[in-house]
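Asker: For reference, the chains in residue letters:
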Amino acid sequence: MNQKLLSVSGLNVVFGGLLAVNDLDITIESGQVVGLIGPNGAGKTTAFNAITGRIKPSAGTVLFKGTDVTGWPPFRIAQFGITRTFQSIKLYDDLTVLENVMVAAHATIKYSFLEAMVGVGRYARDEKLIRTQSYELLDVVGLGNYALEKAGTLPYGSQRRLEVARALALGPSLLLLDEPVAGMNPMETMDFVKVIRSINKDMGLSIALIDHDMKFVMNVCHKIRVIDHGIPIAWGTPQEIVADEKVVAAYLGQG
Amino acid sequence: MQPPALGHRDRLLTLVSTGLLLFFLWWAENYTSDYTIRILNQIAIFIILAVSYNVINGIAGQFSLEPNAFLAIGAYTSAIITLSPEEKARSFIIEPMVWPLSQLHASFPVSLLAAGFVTAFFALLMAIPVFRVRGDYLAIVTLGFGEVIHVVASNLVKVTNGPLGLKGLPAYTNLWWSWGICIATVFCIVRLVNSSYGRAMKAVREDETAAQAMGINAFRIKTLAFTLSGFFEGVAGGLLAHLITTISPSLFTFMFTFNLLIIIVIGGLGSTTGSILAAVLITAGGEFLRFVEEPMTILGFHYEGIPGMRMVIFSMSLIGVMILAPRGIMGRNEFTWQKFFDIVRKLRAGRQGR
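First to last, the sequence lines map onto chains Z and X. Under the numbering used here, the first sequence has 12 at position 12, and the numbering climbs by one with no breaks. Under the numbering used here, the second sequence has 303 at position 303, and the numbering climbs by one with no breaks.
A couple of the hints might just be wrong.
[To be verified] If you want the footprint, here are the derived chain X segments under chain Z, 3+ residues with CB under 8 Å: (1) 184-192; (2) 209-222.
[As the list claims (entries may be wrong)] Calculated cross-link-like contacts (lysine-lysine; reagent style DSSO-like; alpha-carbon spacing at most 30 Å): (3) K150/Z x K339/X; (4) K339/X x K128/Z; (5) K346/X x K150/Z; (6) K65/Z x K110/Z; (7) K215/Z x K4/Z; (8) K4/Z x K223/Z; (9) K223/Z x K201/Z; (10) K65/Z x K4/Z; (11) K90/Z x K194/Z.
It is worth saying that the hints were derived from the structure and are not from the lab. Positions of the beta carbon are idealized from the N, C-alpha and C atoms, including for glycine.
Please model the entire structure based on the sequences and the hints provided.
Answerer: Shown next as structure tokens:
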């Protein structure tokens, strides 16, 4: 029996009169890759936003590593171990690829701004450490050769991978990926599956992801949660989901 | 896959050029006119102002209009500290100065530090409510604060001597003080911008949502940027007060902020070296252009000299820069020795090719 890493229970998000997420339960165990699927507007991204603190849930709790993190500000949740990527890429376009990753390590630095200004104390050691770690992460996602390019100039697929590297730099235990392979061609998607596997297996991270590419989702996920119009309709392994009548009716369609 | 770390060559070159600058200042102090020295002092003060103003506006990307207010706070703080009790008793003719301040007297460096800290304190007070919310509130609040400071300085007669201002300040600011502090400021800010704090500020500028999701406390980073800007602007205010030796509320108008905004935008918002370059060009250029207002004879045609002509030419060149380089002279790039040598090499290759 694996340890529960994240357990979301009874999560509700209301926008005005619209119930965007209704009574959502998700459990993620350590080392699992969990998929969140459903038609457009089903509330998948909203659920991610509620988990990472970007919006406040109207009801329900988010328990992470045994601590109730509901309603925490986003930066604290990130420091506590949940980082994410965004559906619409949000990189720091004017910073270099390397800097994009190094920024995420800001929460881990020990030196104060005074030490930085004078250049004494832990400054040099911390900077060197962050730099080395960031290069390693760029190598993991295969961007080591582009370290000094500006992030905004990278091709789309690489920007997606940079977002993943940046999310990893904080040393999270749970990674949320919002449509990571959207807009990628089949080759890029195949590459990305390898990246996810290596993050999951080699680095031991749990991952939750949203995507519409069923082949990809079925391929990498251990468990899948299906939601429709904010209401959870199914939960199970990829095999069980494909066979579920409600899911087929609401989302997958008759093959 | 790591490129070599910055070489000793660059550090050496920076040291050598700082040495050359100091030598030039020594030469200027001994062999040039008071007028030139005054302009050199002004340039140093404007570099301090531009570089620190750029931290909040360009690096952290929070549009702010505070410099005239912070200059005033810094100038008054340090002036009150360096004026001797007798001098204060003599110049406060409307109402005597309030007690603890009237006896306050300390040396110039202490007064500059105090100016920095007092200004930073005001910056902190403003930052705490303003940065709780997102949006352009900082610009509105700082703009208003500038006016409030103006009114307070005119009416708080027991502290500021009201509209009469403070006169007869000791002229402590010389080339060594102004340029020494200027070099120290640039050094500190360049280091800060290249540190993790500077990267976090840029991240907040580029995308605050993403920065928050990556564990950056945007509130704290913005507050840090604004408070540091305030500190250095306060010190610059102290230097300015002891350069012109007379300060009054009417000195610190919005025009100051406006000029600085022009400087950092022309230099390239977000570029420290750009701010320095533009501060030098605009401060020195403004003085240099005075000749167009003098009567002169060109090709037999006598020109009487039109007062204000300087501003016309100045504005036209600003428009020119904005057309040719919409993101400022340096854009968001910084000067590096490597780029410098690349350009030199290219120029040389070009000449040989011909």
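Asker: So, for every hint listed, does it hold in this structure?
Answerer: Do the hints match the structure? See the list:
1. 184-192: Since 4 is at least three, the answer is holds.
2. 209-222: Coverage by chain Z holds here, the residue count being 10 at a Cβ distance below 8 Å.
3. K150/Z x K339/X: The hint holds at about 17 Å.
4. K339/X x K128/Z: holds (24 Å)
5. K346/X x K150/Z: With Cα atoms ~23 Å apart, K346/X and K150/Z stay inside 30 Å; holds.
6. K65/Z x K110/Z: holds (24 Å)
7. K215/Z x K4/Z: Within the cut-off at roughly 27 Å; holds.
8. K4/Z x K223/Z: Holds: K4/Z and K223/Z sit about 14 Å apart, inside 30 Å.
9. K223/Z x K201/Z: holds (16 Å)
10. K65/Z x K4/Z: holds (7 Å)
11. K90/Z x K194/Z: holds (23 Å)
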